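**Q** With these hints in hand, go ahead and build the complete structure from the sequences.
These are the residues of each chain, in order.
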Amino acid sequence: MAAVIGWRKKDFWWQSPVVFLEDPAAAHRLVWDPFTVYSPVKFLLEWQASCAAKVGIFVKGCDSRGINRLLQDKRLERERVVVYGVPCGGKADAEKIRASFPAKGIKDVTLLGEQLVLTVGDREVRVAAEAYLLDKCLTCRHPNPVVYDKLLWEEVLPRQRADESRFARVQAVASLATEERFFYWQRQFERCIRCFACRNTCPACNCRVCIFDQAEPRWLGKANDPADTLNYHIIRAFHVAGRCFECGECERICPAGVPLQELNRKLIKDINEAYGDYEAGLDATDQPPLGTYRGEDPAGFDES
Amino acid sequence: MKRIGVFICWCGSNIAGTVDIDKVAAAAGTMNGVVYVDQNKYTCSEIGQAMIKDAIKEYKLDRVVIAACSPRMHENTFRKTVESAGLNPYYLEIANIREQCSWVHKDKEAGTAKAISLIRTAVAKAAMNEALFAVEMPITRRALVIGGGIAGIQAALDIADTGFEVDLVEREPSLGGRMAQLDKTFPTLDCSACILTPKMVDVAQHEKIRLFTYAEVEKVEGYLGNFTVTIRHRARSVDLQKCTGCGECLAKCPAKVASEFEEGLVQRRAIYTPFPQAVPNKPAIDRAHCRFFTTGKCKVCQKVCPADAIDYEMEDRLLTNGYGAIVVATGFDTHKLNDYGEYAYGKHPDVLTSLEFERLLNASGPTGGKILRPSDGKAPKTVAFIQCVGSRDKAKGNSYCAKICCMYTAKHAILLSEKVPGSKAFVFYIDVRTAGKDYEEFYTRAYEECGASYIKGNVSKVFPEGEKLLVRGVDVLSGALVELLVDMVVLAVSVDARADAKELAKKLAVTVNEHKFFTEAHPKLRPVDTQTAGIFLAGVCQGPKDIPETVAQASAAAVKVAAIFSKQSLLSNPTVAEVEQKLCSGDMSCMAVCPYGAISEQVVEERRGREMVTRKIARVNVALCQGCGACTVACRPGAINLKGFTNQQILAEVDAICL
Amino acid sequence: MPVVNERFEPLIVAFCCNWCSYAGADLAGISRMSYASNVRIIRVPCSSRVNPGFIIRAFQRGADGVLVAGCHPGDCHYHSGNFFTRRRLTVLKQMIEYLGIEPQRFQVRWISGSEGAKFAMVMNSVAEEIRLLGPNRKLRDVR
Numbered sequence: 039m040a041a042v043i044g045w046r047k048k049d050f051w052w053q054s055p056v057v058f059l060e061d062p063a064a065a066h067r068l069v070w071d072p073f074t075v076y077s078p079v080k081f082l083l084e085w086q087a088s089c090a091a092k093v094g095i096f097v098k099g100c101d102s103r104g105i106n107r108l109l110q111d112k113r114l115e116r117e118r119v120v121v122y123g124v125p126c127g128g129k130a131d132a133e134k135i136r137a138s139f140p141a142k143g144i145k146d147v148t149l150l151g152e153q154l155v156l157t158v159g160d161r162e163v164r165v166a167a168e169a170y171l172l173d174k175c176l177t178c179r180h181p182n183p184v185v186y187d188k189l190l191w192e193e194v195l196p197r198q199r200a201d202e203s204r205f206a207r208v209q210a211v212a213s214l215a216t217e218e219r220f221f222y223w224q225r226q227f228e229r230c231i232r233c234f235a236c237r238n239t240c241p242a243c244n245c246r247v248c249i250f251d252q253a254e255p256r257w258l259g260k261a262n263d264p265a266d267t268l269n270y271h272i273i274r275a276f277h278v279a280g281r282c283f284e285c286g287e288c289e290r291i292c293p294a295g296v297p298l299q300e301l302n303r304k305l306i307k308d309i310n311e312a313y314g315d316y317e318a319g320l321d322a323t324d325q326p327p328l329g330t331y332r333g334e335d336p337a338g339f340d341e342s
Numbered sequence: 046m047k048r049i050g051v052f053i054c055w056c057g058s059n060i061a062g063t064v065d066i067d068k069v070a071a072a073a074g075t076m077n078g079v080v081y082v083d084q085n086k087y088t089c090s091e092i093g094q095a096m097i098k099d100a101i102k103e104y105k106l107d108r109v110v111i112a113a114c115s116p117r118m119h120e121n122t123f124r125k126t127v128e129s130a131g132l133n134p135y136y137l138e139i140a141n142i143r144e145q146c147s148w149v150h151k152d153k154e155a156g157t158a159k160a161i162s163l164i165r166t167a168v169a170k171a172a173m174n175e176a177l178f179a180v181e182m183p184i185t186r187r188a189l190v191i192g193g194g195i196a197g198i199q200a201a202l203d204i205a206d207t208g209f210e211v212d213l214v215e216r217e218p219s220l221g222g223r224m225a226q227l228d229k230t231f232p233t234l235d236c237s238a239c240i241l242t243p244k245m246v247d248v249a250q251h252e253k254i255r256l257f258t259y260a261e262v263e264k265v266e267g268y269l270g271n272f273t274v275t276i277r278h279r280a281r282s283v284d285l286q287k288c289t290g291c292g293e294c295l296a297k298c299p300a301k302v303a304s305e306f307e308e309g310l311v312q313r314r315a316i317y318t319p320f321p322q323a324v325p326n327k328p329a330i331d332r333a334h335c336r337f338f339t340t341g342k343c344k345v346c347q348k349v350c351p352a353d354a355i356d357y358e359m360e361d362r363l364l365t366n367g368y369g370a371i372v373v374a375t376g377f378d379t380h381k382l383n384d385y386g387e388y389a390y391g392k393h394p395d396v397l398t399s400l401e402f403e404r405l406l407n408a409s410g411p412t413g414g415k416i417l418r419p420s421d422g423k424a425p426k427t428v429a430f431i432q433c434v435g436s437r438d439k440a441k442g443n444s445y446c447a448k449i450c451c452m453y454t455a456k457h458a459i460l461l462s463e464k465v466p467g468s469k470a471f472v473f474y475i476d477v478r479t480a481g482k483d484y485e486e487f488y489t490r491a492y493e494e495c496g497a498s499y500i501k502g503n504v505s506k507v508f509p510e511g512e513k514l515l516v517r518g519v520d521v522l523s524g525a526l527v528e529l530l531v532d533m534v535v536l537a538v539s540v541d542a543r544a545d546a547k548e549l550a551k552k553l554a555v556t557v558n559e560h561k562f563f564t565e566a567h568p569k570l571r572p573v574d575t576q577t578a579g580i581f582l583a584g585v586c587q588g589p590k591d592i593p594e595t596v597a598q599a600s601a602a603a604v605k606v607a608a609i610f611s612k613q614s615l616l617s618n619p620t621v622a623e624v625e626q627k628l629c630s631g632d633m634s635c636m637a638v639c640p641y642g643a644i645s646e647q648v649v650e651e652r653r654g655r656e657m658v659t660r661k662i663a664r665v666n667v668a669l670c671q672g673c674g675a676c677t678v679a680c681r682p683g684a685i686n687l688k689g690f691t692n693q694q695i696l697a698e699v700d701a702i703c704l
Numbered sequence: 011m012p013v014v015n016e017r018f019e020p021l022i023v024a025f026c027c028n029w030c031s032y033a034g035a036d037l038a039g040i041s042r043m044s045y046a047s048n049v050r051i052i053r054v055p056c057s058s059r060v061n062p063g064f065i066i067r068a069f070q071r072g073a074d075g076v077l078v079a080g081c082h083p084g085d086c087h088y089h090s091g092n093f094f095t096r097r098r099l100t101v102l103k104q105m106i107e108y109l110g111i112e113p114q115r116f117q118v119r120w121i122s123g124s125e126g127a128k129f130a131m132v133m134n135s136v137a138e139e140i141r142l143l144g145p146n147r148k149l150r151d152v153r
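Chains as they are written, first to last, in the working numbering: chain H, 39 to 342; chain Y, 46 to 704; chain A, 11 to 153.
Quick caveat, the hints were computed from the structure, so don't treat them as lab data. On a predicted model such as this, the values are computed, not experimentally measured, just so you know. Please note that a few of the clues may not be correct.
Said to hold, decoys possible - Mimicking DSBU-like on lysine-lysine, the simulated pairs with C-alpha atoms at most 35 Å apart in a straight line are: (1) K513(Y) - K381(Y); (2) K148(A) - K307(H); (3) K128(A) - K307(H); (4) K128(A) - K448(Y); (5) K469(Y) - K501(Y); (6) K148(A) - K441(Y); (7) K86(Y) - K128(A); (8) K260(H) - K661(Y); (9) K260(H) - K145(H); (10) K86(Y) - K112(H); (11) K661(Y) - K188(H); (12) K561(Y) - K148(A); (13) K112(H) - K381(Y); (14) K68(Y) - K128(A); (15) K415(Y) - K426(Y); (16) K627(Y) - K260(H); (17) K552(Y) - K128(A); (18) K48(H) - K112(H); (19) K260(H) - K128(A); (20) K148(A) - K264(Y); (21) K153(Y) - K128(A); (22) K151(Y) - K569(Y); (23) K661(Y) - K112(H); (24) K229(Y) - K125(Y); (25) K547(Y) - K307(H); (26) K112(H) - K552(Y).
As the list claims (entries may be wrong) - Using C-beta positions, here's what the derived DEER-type ranges look like: (27) L320(H) - E625(Y): 28 to 34 Å; (28) D315(H) - A440(Y): 43 to 49 Å; (29) T122(Y) - L320(H): 54 to 60 Å; (30) R571(Y) - E254(H): 37 to 43 Å; (31) E625(Y) - D263(H): 25 to 31 Å; (32) E261(Y) - M131(A): 37 to 43 Å; (33) D99(Y) - P113(A): 50 to 56 Å; (34) R660(Y) - N262(H): 46 to 52 Å; (35) S611(Y) - D263(H): 54 to 60 Å.
Note that beta-carbon positions come from the ideal geometry of N, C-alpha and C, so glycine has one too.
**A** Put into structure tokens, the structure is as follows:
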């Protein structure tokens, strides 16, 4: 193994970005804390393209489904990766913590079972973790890695309300009238700055050359036109249809707060209802729903 | 910049009548890249084509747009035109301003505006057209004929006589089909078996024909020139090599079942040859009814067989062969009479279908060719024939005319008068249709010489009245209610497509119409072709027809096959998918949706920085690709594109059409 | 003087598969069945060739409605193309409706080569539905 991919601590308590470590002596720099939320899997693409050696990677439940995503897309050579599975009780939302505690005083945040332990000044504060977890972690159905070579510790129990809350936001939006829905989404998308962070972080968006980056033909206009923004979001969602495994990184990482999961999960819900329950990222060998069919499939349009 | 020429066709008044050609020409002249615009009364005429060729040379045109009829009509014609002027044929683009404009829009202003828009779109696409080239593909010079009735027999013989190999597949134990069931044939009254049997024997003995009876097509893959077909050779349980056809087993078999060949009028054994002149004249065991296969005990046939030909262990075999072309000749089913309770069919033994009556006429049939009532074995003195049972009946049956019933009913009336002296035929009809050589004369003979009474009108009910049948109907010419007491009723049942026609159509990737008859490529000009190149139709599987038409169509199909086999090689379709290496991620989403298995993985070497590396990407087999383009949408980065319908071309069309 | 509103004439882009729906359009023409002139056809080999990107692009460039027409399921000239179309465009259609686009704006229909009358009828009904909706403002380029 020439390197491991994991997380390290940066300057502030809420920063635990992904790190490549090539020196075994530096292993102590690896951390696992409430902020190791960034998905490390897409870094494997770059590693495998540029280096023939094996690499180790630490994955949470969601990240492990990203591994399956890359495997199903034939973008990863499994034998060149050692996967360390890390059962995960959820990651903390720094915004939620900041809203309740004076940010300046916080020195350290750790997760102990269902409790979040904050060191504020010289004081230790213990609070129920659930209120301070990321929204996406509250709807997580697979906190335990689904693919790994070594599991770091015992598996955790999935959150009880994850199933019922999974499509709650989708249903809320879908229940609006057509015009209200349009204005709702218009308000969301008008904040989009088309930084492509959602795409860049998404393990399902793993094309060598993304369609949005091509000049000939140019599928997406470069000007800042609301119609192009809509085009981007429709096609992005379509490209991950049946392939999105709900890690929620797109939405979490969005600097404009566009609720991308509400779009991704709408497609998941529609596909499940029409073509049978399917959860992406659990099996790297099957065929995603848009790559297959059944003769008796229903349609969302007039088939007469 | 491209040099595009636009040629606008008037199509006489077909286009010029509702489209202002001058206005269209003026607008075309302003379009991007257009350097030359011309109009012609008939662009497809020799003069019209010559004008295009001249203009290409004179104005150095490198792309051509023809605004005329549908590309489905003349695209090939005009491709040849531009090719003969030295351009690649795929530099041509057609704007369909007839079928999709002048013929459907009466308002001249709107029609003109739409014609301009369609031409602008074609110009935008043409500007992006690239030279495309066909590749030569080898041909497997062996034909497959599906169905061993007269259509399949004729097609097989004609193909074989041109010197090419043929495999004929028949699912029954014998050749013969429907024609073998018939007694005499109209309008000549020659004996059906007498003209059919020699052809059946010819098939069996032809050195170029391999005959597979008791076999069915299981799977079809490939394309024109190179089909791969898996045939299920059903377990006949009789070894054809050993069997001498002596018939010992047929007499001794204890299990009896209604004979399909005799339309259920008599029983056959579980081990059976369908009829005496069967080819091959060797039996098969119907396992669904065989006592050994149903109860595990019996084996009488094995005991009596002197040749040791009975093999209960035999299993279905799936054999795969290559073929260059396929003729489909699967025939028809007679219409089921479940919805015609008023005619008492199935309730009274003397109400027969026309095909059952045919068996009564036949010398090798259940009555030895005597017309006798199934109820009491007496010859009927009066017979009512009811036509159009299940035909021309939108409410309960087929909306179409079954075409043969008028003529065979006339035949039945004539034969009745010959076989039962002093008898009388009554024919209830909607119309009598006798289009065909000598047909009208034949029909005339039925009522003039043979005394048949033709009554125009429907029969509302048939019910038993003592030993006889009471037929109640209306004579619409006089308006009178008609009640006839007859000895027998014959129902002229309609012709249906085979119940499983759709399943076969799916295997072959051909289409069926709403009545499940196979669809021809063009109703007038390509009546023998299907939409799938290399697959042809013969006989009633394409639509109701009589024997002469069936034979003619079968011979036509044979010529089509021979024409393919006579070529040195075939040219592939150049509008196939193509992979752009730098865009392909190698995730093979394309491969999953390709119906032809035309996409596979390949390893390519490419430069990365200062070194060469290898990776896997998709590869298209141009011989297998049929150009559907399903892969292009499965491919997220658009790395796989369809030549002739590229992403660039279609986006350019979209942009232009929305202007 | 009273202002007379000109009747809104929508632009409808129809992607038609060559083997069925385009042939159906030709048959409507051969049979002289008149239908709304608002419809402009782009010929594609198969409905499975229609990339959602084409559909969105048409809306961006000002189409008021988009129709994709293909062979009936099971009748695809290419065996299975329209089965993929059915899944893909069901997903796309439900998504854009969820984004607040009127369902009538984007339609998918199966029209065979023998259904000239159906082709004309569908074109008329689509044109009428879009006419009632008014111009596409939601998906159109504004710059």
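**Q** All the hints need checking, so say for each whether the structure fits it.
**A** Consistency of the hints with the structure:
With a C-alpha separation of about 24 Å, the suggested pair K513(Y) and K381(Y) falls inside the 35 Å cut-off, and the hint holds. Under the criterion of a C-alpha separation no larger than 35 Å, the hint pairing K148(A) with K307(H) is consistent with the structure, at around 25 Å. Of the pairs offered as hints, the one joining K128(A) and K307(H) holds, with about 33 Å between alpha carbons and a cut-off of 35 Å not exceeded. Our distance criterion of 35 Å between C-alpha atoms is met by K128(A) and K448(Y), whose separation comes to about 27 Å.
A C-alpha spacing of about 17 Å is found between K469(Y) and K501(Y), which places the hinted pair at or below 35 Å, so the restraint holds. Restraint check for K148(A) and K441(Y): the C-alpha separation of about 50 Å exceeds 35 Å, so the hint is violated. Restraint check for K86(Y) and K128(A): the C-alpha separation of about 31 Å stays at or below 35 Å, so the hint holds. This hinted pair checks out: K260(H) and K661(Y) have alpha carbons roughly 31 Å apart, not beyond 35 Å.
Of the pairs offered as hints, the one joining K260(H) and K145(H) is violated, with about 43 Å between alpha carbons and a cut-off of 35 Å exceeded. A distance of roughly 57 Å separates the Cα atoms of K86(Y) and K112(H); the hinted pair therefore is violated under the 35 Å criterion. Distance check on the hinted pair: K661(Y) and K188(H) sit about 29 Å apart at the alpha-carbon level, within 35 Å; holds. Note on K561(Y) and K148(A): the hinted pairing is violated, with a Cα-Cα distance of about 44 Å set against a maximum of 35 Å.
Our distance criterion of 35 Å between C-alpha atoms is broken by K112(H) and K381(Y), whose separation comes to about 54 Å. A C-alpha spacing of about 32 Å is found between K68(Y) and K128(A), which places the hinted pair at or below 35 Å, so the restraint holds. Using a Cα cut-off of 35 Å, the hinted pair K415(Y) and K426(Y) holds, with the two alpha carbons roughly 13 Å apart. The hinted pair formed by K627(Y) and K260(H) meets the criterion: a straight-line CA distance of about 22 Å does not exceed 35 Å.
At roughly 27 Å between alpha-carbon atoms, K552(Y) and K128(A) fall within 35 Å of each other, so this suggested pair holds. Straight-line distance between C-alpha atoms of K48(H) and K112(H) comes to about 33 Å, which keeps the hinted pair within the 35 Å bound. For the hint linking K260(H) to K128(A), the alpha-carbon distance of about 40 Å lies beyond 35 Å, and the restraint is violated. Restraint check for K148(A) and K264(Y): the C-alpha separation of about 49 Å exceeds 35 Å, so the hint is violated.
Taking the CA atoms of K153(Y) and K128(A), the gap is about 24 Å. The hint holds against a cut of 35 Å. Between the alpha carbons of K151(Y) and K569(Y) the distance comes to roughly 27 Å, so the proposed pair stays at or under 35 Å and holds. About 9 Å separates the Cα atoms of K661(Y) and K112(H), which keeps this hinted pair within 35 Å; it holds. Of the pairs offered as hints, the one joining K229(Y) and K125(Y) is violated, with about 50 Å between alpha carbons and a cut-off of 35 Å exceeded.
In summary, the hint linking K547(Y) to K307(H) is supported, as the alpha carbons are separated by about 34 Å, within the 35 Å threshold. About 32 Å separates the Cα atoms of K112(H) and K552(Y), which keeps this hinted pair within 35 Å; it holds. Range check, L320(H) to E625(Y): Cβ separation about 32 Å, and the 28 to 34 Å hint holds. In this structure, D315(H) and A440(Y) meet the distance hint of 43 to 49 Å, their C-beta atoms being roughly 44 Å apart.
Separation of T122(Y) from L320(H) is about 55 Å and conforms to the stated range, judged on CB atoms against 54 to 60 Å. In this structure, R571(Y) and E254(H) meet the distance hint of 37 to 43 Å, their C-beta atoms being roughly 39 Å apart. Taking the beta carbon of each, E625(Y) and D263(H) are about 27 Å apart, inside 25 to 31 Å as hinted. In this structure the supplied range 37 to 43 Å holds for E261(Y) paired with M131(A), their Cβ-Cβ distance being about 40 Å.
Between D99(Y) and P113(A) the beta carbons are some 52 Å apart, a value that agrees with the proposed interval 50 to 56 Å. At about 36 Å, the CB distance of R660(Y) to N262(H) disagrees with the hint of 46 to 52 Å. For S611(Y) and D263(H), the hinted distance range of 54 to 60 Å is satisfied, since their beta carbons lie about 59 Å from each other.
Of the numbered hints stated above, those contradicted by the structure are hints 6, 9, 10, 12, 13, 19, 20, 24 and 34, listed in ascending order.
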